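Residue-level listing of the chains:
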Amino acid sequence: MFVELERLAMRREPVPAVVRAEPRPERTVLVRVFRGGTGVSAPRMVAYPVPVHKGMTVLDALLWIKEHADPTLAFRSSCRMGICGSCGMLIRGEARLACETQVATLGTEVIEVAPLPNFPLIRDLATDFTDFFGHHRRIRPHLHPPDDQDSGPFQEEFRQTEAERLEYYQFTMCIMCGLCDAACPIVALDREFLGPQALTQAYRFAADSRDGAQADRMRIVDTVHGCWWCELAGSCSAVCPKGVDPALATQLLKREVLRRRLRRS
Amino acid sequence: MRESTLRIVNYGMMLAILATLAVHLASHAFLGVPGYEVSLAYDTVVRRYREALSVTVLAVLLVAATFHGLFGLRSILLDARSGPRWERGVGFGLIALGVTMVGWGLRTILLVSAGG
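Chains as they are written, first to last, in the numbering used here: chain A, 1 to 265; chain B, 1 to 116.
Since the hints were made in silico from the structure, they are not lab data. Treat the numbers as computed from the prediction; the structure is a model and nothing was measured. Mixed in with the good hints there might be a few duds.
Unchecked claim - Okay, the calculated bits of chain B under chain A, using three or more residues with CB under 8 Å as the criterion:
#1 5 to 11
#2 46 to 57
Claimed, not checked - In silico negatives: residues of chain B with every beta carbon more than 12 Å from chain A:
#3 Leu15
#4 Ala65
#5 Leu70
#6 Leu78
#7 Gly91
#8 Ile95
#9 Met101
#10 Trp104
Stated by the list, open to error - Calculated from the model, a selection of chain B residues having no Cβ within reach of chain A, i.e. all distances over 10 Å:
#11 Ser27
#12 Gly72
#13 Leu94
#14 Ala114
Note that beta-carbon positions come from the ideal geometry of N, C-alpha and C, so glycine has one too.
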C-alpha cells in the first residue's frame, strides 16, 4: 500500500482521501444477530452474509455489517484489543469479548451473536450496565487511608512488599467487561446479588495492605446478597477473558470475612 | 444477625451432628454394650433413653439437625425468590418452624426419659 502511495506521489496524481487496506476475503459466513429491544421493535434474529478474511474477529464482522449492510445495528466497542471490556456479548451461546474472538476459531459457517444475559436490554447487542456499576460502587472500589492517618495530605508513601502486592495483583486485571456477571446463575436469580465482579474487587481491596476501609467493606459483603450467596458454580472464572478467577476471589473473601468475625469474637 | 455469624453457627452444628452421630452409633455398636444383639434389646433401649448421656446426645442432635436442615431450606427458599418481604417472611417462618420442631422433640425426649 505504501509503495502504491509513493508511486502516486511521484506521478503527481491526487492521493485518495481514504485509502483502504482491506484484505481479500477468503469465504463468507452467516452472522445471525439479535435485533430489537424494549419499545424499539420485536426481538428477532437477522442473518447477514459477511465476507471473512484471515484474522477477522467477530467485532470486525459486526463493524462490516454496520458499514456495508445495516447502519442501524447497535453494539458497543472501543479499543478492539481486549482492554476496554466494551464488546462483551453472547457468541454461539458463550459470553465472550467480540474483539478477542476470531471467526476462524469458532469453526462454523453460522455465527449467532446475542446480547449478554442477566443485563437489561437497551437495543440489539447493547445492554444496560447501571446495576453492574452500582454494585461495583457499593463495595467502595478505591483505597482508603488507614484509620491512623490524619486527614489532609499523606505524610509518607504507602510501602508494600512484593509478597503483599501479589496477594491481590491477579484481581486488579479486571476490565469490568461484565462477562462474569452474565455467566453467573445467581445473578440470573437475584438482582440484589453483588455479583462476581463486585465481590472480586471487594477482595482486591480487602487483601490490599494499604487499605483502611476493610471493616466497612466486610460489612457490605457479609450479607445475604453478598459473598455468601455464591454457590461456586465457577462459570464466572470460565468466561473471564483476563484470567482474574472471580470464583477464587469470592471464596477467599468468604474466608477473610470468617477470619475477621472469629478474630473479633 | 450477620450472615457470617449464621454460617459459623451452621458449621458448629455440622460438627455437632457428626459428633453426636458418632457417639450414637458407637453406643449401639460397642460403647458399654457387647454388640447389637444386646444394645437393640427392649430392656437395653428403655434403660439407655433414661441415661443422662443419651438424653443429652439426643437433645444436641435434635437442635443441630434442625438448625442445619432449616438453614439449608432457607438457602433453597431464598434462591427461589428474592425481595425484602420474602426474605423476612422466610426468616420468621423458619424460626417459628424450628422452635416448634425443637420444642416438640425435646418434649418427646424428656417424656421418654421420664418413663412416660
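Each hint, compared with the structure:
no.: 1; hint: 5 to 11; in the structure: holds (count 3)
no.: 2; hint: 46 to 57; in the structure: violated (count 0)
no.: 3; hint: Leu15; in the structure: holds (14 Å)
no.: 4; hint: Ala65; in the structure: holds (21 Å)
no.: 5; hint: Leu70; in the structure: holds (15 Å)
no.: 6; hint: Leu78; in the structure: violated (7 Å)
no.: 7; hint: Gly91; in the structure: violated (9 Å)
no.: 8; hint: Ile95; in the structure: holds (15 Å)
no.: 9; hint: Met101; in the structure: holds (23 Å)
no.: 10; hint: Trp104; in the structure: holds (28 Å)
no.: 11; hint: Ser27; in the structure: holds (32 Å)
no.: 12; hint: Gly72; in the structure: holds (12 Å)
no.: 13; hint: Leu94; in the structure: holds (13 Å)
no.: 14; hint: Ala114; in the structure: holds (37 Å)
Hint compliance for this structure: hints 2, 6 and 7 are not met, and every other hint is.
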